[in-house]
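Asker: These are the residues of each chain, in order.
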Amino acid sequence: MKVVSIQDDFCTVELNGVTKSCFIGFLEKKPDIGDFLLVHAGMAIKCLKDDESEEILKELKLLIDGELS
Amino acid sequence: MTFNPDFFKQKELTKSLFKKIKEKSQNFDNIRLMEFCGTHTHNIFQYGFRYAFSPNITFIAGPGCPVCVTAEEELFEAAHLIEHHNVGVILYGDLIKVPVSGKSLADYRSEGHSVEIVYSALDAITIAEKHTDKQWVFLGVGFETTIPATAAAIDFAKKRCLKNLTFLSFHKNTRSVLKALGSFGRLYADGVILPGHVSAVVGWEYFSEVKSFGIPAVVVGFEPLDILLGVYELIEMIEKNDVDIRCAYKRAVEEKGNAKMLEKVEELFYLKDAPWRGIGVVKDGGYELRDAFAEYNARARFSLPTQEFKPKNSGCKCGDVLIGKITPDACPLFKKVCNPENPVGPCMVSHEGTCLAYYKWSGDIE
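Protein chains in written order, with our numbering: chain A, 1 to 69; chain B, 1 to 366.
There may be inaccurate statements among the hints.
What the hints assert, rightly or not - Have a look at the derived ranges for each label pair, beta carbon to beta carbon:
1) B:D273 / A:T12: 16 to 24 Å
2) B:E254 / A:S21: 42 to 50 Å
3) B:A292 / A:L15: 32 to 40 Å
4) B:N241 / A:D9: 42 to 50 Å
5) B:E12 / A:E14: 41 to 49 Å
6) B:A106 / A:T12: 39 to 47 Å
7) A:T12 / B:Q46: 38 to 46 Å
8) B:G48 / A:D65: 22 to 30 Å
9) B:K240 / A:V4: 40 to 48 Å
10) B:S54 / A:T12: 37 to 45 Å
11) A:D65 / B:N339: 27 to 35 Å
12) A:D65 / B:N313: 26 to 34 Å
Unchecked claim - Which bits of chain A does chain B cover? Going by a derived footprint, with three or more residues having C-beta under 8 Å, they are:
13) 29 to 40
14) 43 to 49
15) 54 to 64
Derived by calculation from the structure, the hints in this document are not laboratory data.
The model shown is predicted, which means the values in this text are computed figures rather than measured ones.
Every residue, glycine too, gets a C-beta built ideally from N, C-alpha and C.
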């Protein structure tokens, strides 16, 4: 869910037009507006970072071409 | 790099990987992959994967629906609090419809009792502060993913000196049940799809003991590409007899998990032997509040039934469904007397329940 505003230990997150309040006190560092959070029962568990998609894309291309099977 | 939430929904990549798994699945007669988490059960149906690799790969659902594994005697405690202590009960949605010896918490609400549904445990604070003339009990249901929310709510209740809110922990520990099933040869699987959100809290290394049962396991996310990546990795491990734990959900799951959540849970709770519906008492299978937080523990504030609870025998096979021993269509009640309108057992109630997933998605496929 995408962070749209932050107030102390809480933020407002949005997904498909639906907004929810979310506790961010358990995160290692405060998110920025526009970040994506993994949220469960009103708690942010993790700030999602795009550090795997490029690697996966590369591996999948190799796999699909039969080089990693 | 900016996070792209749609990356793992890409149609072309998903189709290509699907074909690759289909080809690879021909190397197997029939391997059983257990998806522990109820959300995986529903998504595997919804994306059309459930029967896509049959008969070479069979997906079986595990005990990963928190509402489904909440024991009848635990819900009986909640009913007892309403009937004998006139408390208001606060809970997560699905739990309200689970029948206990024929009567659900929704039935109590129909009779005029206070039963409130919330999205987060923190909403219990708002309710208790708004209705100070009443004692409220929050029913803590869920696994390692959900217990930090209960811990945060207890922290808030303490900081705000709330005297009319206590907590009844039905929280369960997923690692303990995997160990219990594995130790007694009841893990009916060749590979395990580990729960993504639980792992985001506890870290993927947490499940490393699953290896001792000779079964590989992979932490998997919830989008179509996530699930196929996890399945591919798992069948590759099975093929190579590589018994290990791997993570295919790295954008959300790290080796060690969320340290602040784990510390808070450890501060407030300890592991105790606890009943799992359909499985029995699991060693270290549940969480209880530490004595230092007794004033927020409903079991300490109110006298609760101590006699053994004897549920009526309804013929419900949720117990066997929860451990993957049978699929819901093997239960004589399924789609006959048990359906979402009139659920006999919790697996037909919860949005994560296996019986509800089969009811909604399986059609007449045998």
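Asker: Go through the numbered hints given earlier and state which of them the structure violates, listing their numbers in rising order.
Answerer: Hints 1, 2, 5, 6, 7, 11 and 12 contradicted; others consistent.
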